[in-house]
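Let's have the full structure, built from the sequences with the hints guiding it.
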Amino acid sequence: MVLTDRVKRRHLIGVTAGGALSATALGGCGLFSDDPEPAPAPDALQPVLDEALALAAAYDRAVLAEPGLAKRLTPLAADHRTHAAELSRVIGRAAPSGAPASSAPSGAAADSVAALRKAEQAAQKTAAAACRTAPADRAGLTGSIAAARAAHAEALR
Amino acid sequence: MSAQLAAALAAEEAAIYAYGVLGVKLTGEGDRTEARAAEAVHRGRRDVLVSRLSALKASTAPAPAGYELPFDVTDRASALKLAIQVEDGVAQAWRAVLPATTGADRATGLNALVDAAVRATRWRRLGEVTPATMAWPGRA
Chain A
1 MVLTDRVKRR
11 HLIGVTAGGA
21 LSATALGGCG
31 LFSDDPEPAP
41 APDALQPVLD
51 EALALAAAYD
61 RAVLAEPGLA
71 KRLTPLAADH
81 RTHAAELSRV
91 IGRAAPSGAP
101 ASSAPSGAAA
111 DSVAALRKAE
121 QAAQKTAAAA
131 CRTAPADRAG
141 LTGSIAAARA
151 AHAEALR
Chain B
1 MSAQLAAALA
11 AEEAAIYAYG
21 VLGVKLTGEG
31 DRTEARAAEA
41 VHRGRRDVLV
51 SRLSALKAST
61 APAPAGYELP
71 FDVTDRASAL
81 KLAIQVEDGV
91 AQAWRAVLPA
101 TTGADRATGL
111 NALVDAAVRA
121 TRWRRLGEVT
131 PATMAWPGRA
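Line by line, the protein sequences are chains A and B.
Here the first sequence stands for residues 1 to 157, where the numbers follow this note's numbering.
Here the second sequence stands for residues 1 to 140, where the numbers follow this note's numbering.
These are calculated hints, taken from the structure and not from any lab test.
It cannot be assumed that every hint is accurate.
What the hints assert, rightly or not - Stretch by stretch, here's where chain A covers chain B in the computed footprint (C-beta under 8 Å, at least three residues):
id : region
1  : 14-28
2  : 86-99
3  : 117-123
4  : 127-139
Stated by the list, open to error - Derived CB-CB ranges, DEER-like:
id : chain 1 : residue 1 : chain 2 : residue 2 : range
5  : A       : Q46       : B       : R36       : 37 to 47 Å
6  : A       : A65       : B       : A77       : 30 to 40 Å
7  : A       : A115      : B       : G28       : 23 to 33 Å
To be verified - Pairs of lysine to aspartate or glutamate, EDC-like flavour, derived with a Cα cap of 20 Å:
id : chain 1 : residue 1 : chain 2 : residue 2
8  : B       : K81       : A       : E154
9  : B       : K25       : B       : E128
10 : A       : K125      : A       : D43
11 : B       : K81       : B       : D47
12 : B       : K81       : B       : E128
13 : A       : K125      : A       : D50
14 : A       : K118      : A       : E154
15 : A       : K125      : B       : D105
16 : A       : K118      : B       : E39
17 : B       : K81       : B       : E39
18 : A       : K71       : B       : D115
19 : A       : K125      : B       : D115
20 : B       : K81       : B       : E34
21 : B       : K25       : B       : E39
22 : A       : K71       : A       : E154
Ideal placement from N, C-alpha and C gives every residue a C-beta, glycine not left out.
See the structure below:
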């Protein structure tokens, strides 16, 4: 058991030290030396997903700082988490854990409602731009996310 | 694309009719200003759709003279409820336009979807309906 644990630990350390299993690291094994695979281009929806997660976390911080805002802000955070889950599914990568900020302390200070509103407006532009150039099967998804973000900004007026 | 645009036109026609009915039941000046602005926007979108469909040589059914409302509009509360339903319906019609279009038509549809979602939220706020937002505006 002790041996197994140590092997596991070393394996884990190895992965961490190697960083994100880069093509270079794999190339070192000789497996891919003939055909070095470039890192896959980020999905066009990745910025939309990143903003959904950042906004959800920003709402969590604001509620932690001012619990009186919970009733108003919690549904908005939930909308962003719903978006993030769907975007992750469509992008085809594992959904990041949507843990609330309370369990994952963050150094960032809580935003004011006015700042959250500005962030929603900026995020709406990202989603709208994604919608305008999206293939047909992603047009409705990105369009609804743009609309939801605009509606959030309206709700925060 | 024409079928989705024709459905959006039908939704806009219904919205114009509904605002005519519900507008008179609103009480505050803020409510009424908002309803007038909304009706003007829906009339503008209807006109854009009529000319776009005409350019596409698509036939459109004439707007019905009247509509059966989902419930009686008797007071401010039922007027606000109808306004919310109308904007949600308009959002659904325009969302269906997005996958069927590209370029300028897609942008028109997106703007209309966003606008309807914002108006629905504004009516919910005025009617103190919570939550005032939904995760997927326009998704039926």
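Each hint tested on the structure:
1. 14-28: Three-residue rule not met by the region 14-28 of chain B, so violated; n is 0.
2. 86-99: holds (count 5)
3. 117-123: holds (count 5)
4. 127-139: Holds: 10 residues of the region 127-139 of chain B have a Cβ under 8 Å from chain A.
5. A:Q46 / B:R36: 37 to 47 Å: holds (42 Å)
6. A:A65 / B:A77: 30 to 40 Å: holds (35 Å)
7. A:A115 / B:G28: 23 to 33 Å: Once the Cβ atoms are compared, 30 Å apart, the range 23 to 33 Å for B:G28 and A:A115 holds.
8. B:K81 / A:E154: holds (18 Å)
9. B:K25 / B:E128: Holds, at about 17 Å.
10. A:K125 / A:D43: With a Cα-Cα distance of about 17 Å, the restraint between A:K125 and A:D43 holds, given a limit of 20 Å.
11. B:K81 / B:D47: violated (26 Å)
12. B:K81 / B:E128: Cα-Cα ~11 Å, so holds.
13. A:K125 / A:D50: Holds: A:K125 and A:D50 sit about 14 Å apart, inside 20 Å.
14. A:K118 / A:E154: The given pair, whose Cα atoms are some 11 Å apart, holds under the 20 Å limit.
15. A:K125 / B:D105: Roughly 18 Å between the alpha carbons, so the hint for A:K125 and B:D105 holds.
16. A:K118 / B:E39: violated (28 Å)
17. B:K81 / B:E39: holds (16 Å)
18. A:K71 / B:D115: Outside the cut-off at roughly 25 Å; violated.
19. A:K125 / B:D115: holds (14 Å)
20. B:K81 / B:E34: holds (14 Å)
21. B:K25 / B:E39: holds (15 Å)
22. A:K71 / A:E154: holds (16 Å)
In the structure shown, a violation is registered for the earlier hints numbered 1, 11, 16, 18, in ascending order.
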